Amino acid sequence: MLKIRQYDTLEGVRLYCCPHCSYESRTSLANVQRHVKYKHTKEKNFCCSFCPKRFVDKISMERHKRIHTGEKPFQLEEETVTKRSFRCPYCLYESHNSFGAVKRHIKYKHTGEKPFTCSICQMNFTEKCKLNQHTRTHTGEKPFQCDICLKGFGQSFQLKVHMYNHHEGK
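In terms of UniProt numbering, the sequence shown opens at residue 1 and continues consecutively.
Just so you know, the hints here were simulated from the structure itself, not pulled from any lab data. Just so you know, not all the hints are guaranteed correct.
Said to hold, decoys possible - Here are the simulated DSSO-like pairs of lysine-lysine, each with C-alpha atoms no more than 27 Å apart in a straight line:
1) Lys44 / Lys142
2) Lys39 / Lys151
3) Lys65 / Lys103
As the list claims (entries may be wrong) - Okay, the calculated beta carbon distance ranges per label pair:
4) Ile148 / Pro19: 27 to 33 Å
5) Ser98 / Cys47: 16 to 22 Å
6) Leu92 / Gly152: 17 to 23 Å
7) Pro19 / Ile59: 23 to 29 Å
8) Pro52 / Asn97: 38 to 44 Å
9) Arg104 / Ile59: 17 to 23 Å
10) Gly152 / Asn45: 37 to 43 Å
11) Ser98 / Lys37: 28 to 34 Å
12) Pro19 / His167: 24 to 30 Å
All figures in this text were calculated on a predicted structure; none of them were measured in a lab. In this text, a Cβ means the ideal position worked out from N, Cα and C, and glycines have one as well.
Just need the whole structure built from these sequences, with the hints factored in.
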């Protein structure tokens, strides 16, 4: 049975963590369960007709094929931009800062594009910072250090959990 780790952070936010890698969700347990299904399952029955890459479901395979065909299905239309904010036309994401933020959001959340690849295990990521977090699971690097007991951690949330559990109120 799959054991998904769950933590309560110092900010009172529940954090769900993948038992296989550094993926985490502050939103829901279902996000981590979906991640495990798509990233860590051995069953990939859908094969790209252009390359040997295989997928857990047909939707992911079809999305991947766009890399080969050059099809760009996600176009931003003018009505998605308002005077005060920029909205994603496919979900509730909104940016009050820039149109570029919405374009990046669409690229990484709705196209399935994952341009950052781990050189050790070939796992793909949507963002460079997520690749960097993941790489530390291979290298053992622990850049987040407790100022009280000097214990090191690979991810910032691990330090926050440690501070809460071992040095509460400090």
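Each hint tested on the structure:
The straight-line distance between the Cα atoms of Lys44 and Lys142 is roughly 33 Å, outside the 27 Å bound, and the hint therefore fails. Taking the CA atoms of Lys39 and Lys151, the gap is near 30 Å; set against the 27 Å cutoff, the hint is violated. The hinted pair formed by Lys65 and Lys103 meets the criterion: a straight-line CA distance of about 20 Å does not exceed 27 Å. For the pair Ile148 and Pro19, the supplied restraint of 27 to 33 Å holds, since their beta-carbon distance comes to about 28 Å.
Checked against the hint of 16 to 22 Å, the pair Ser98 and Cys47 fails, with Cβ atoms roughly 38 Å apart. Restraint check, Leu92 to Gly152: a C-beta distance of roughly 37 Å breaks the suggested window 17 to 23 Å. Here the CB-CB span from Pro19 to Ile59 is close to 25 Å, well matched to the stated 23 to 29 Å. In this structure the hint that Pro52 and Asn97 lie 38 to 44 Å apart at CB holds, the actual value being about 40 Å.
Between Arg104 and Ile59 the beta carbons are some 22 Å apart, a value that agrees with the proposed interval 17 to 23 Å. Checked against the hint of 37 to 43 Å, the pair Gly152 and Asn45 passes, with Cβ atoms roughly 41 Å apart. With their beta carbons about 33 Å apart, Ser98 and Lys37 fall inside the hinted range of 28 to 34 Å. Between Pro19 and His167, the C-beta spacing of about 26 Å keeps the proposed range 24 to 30 Å intact.
Checked against the numbered hints given earlier, the structure breaks hints 1, 2, 5, 6 and satisfies all the rest.
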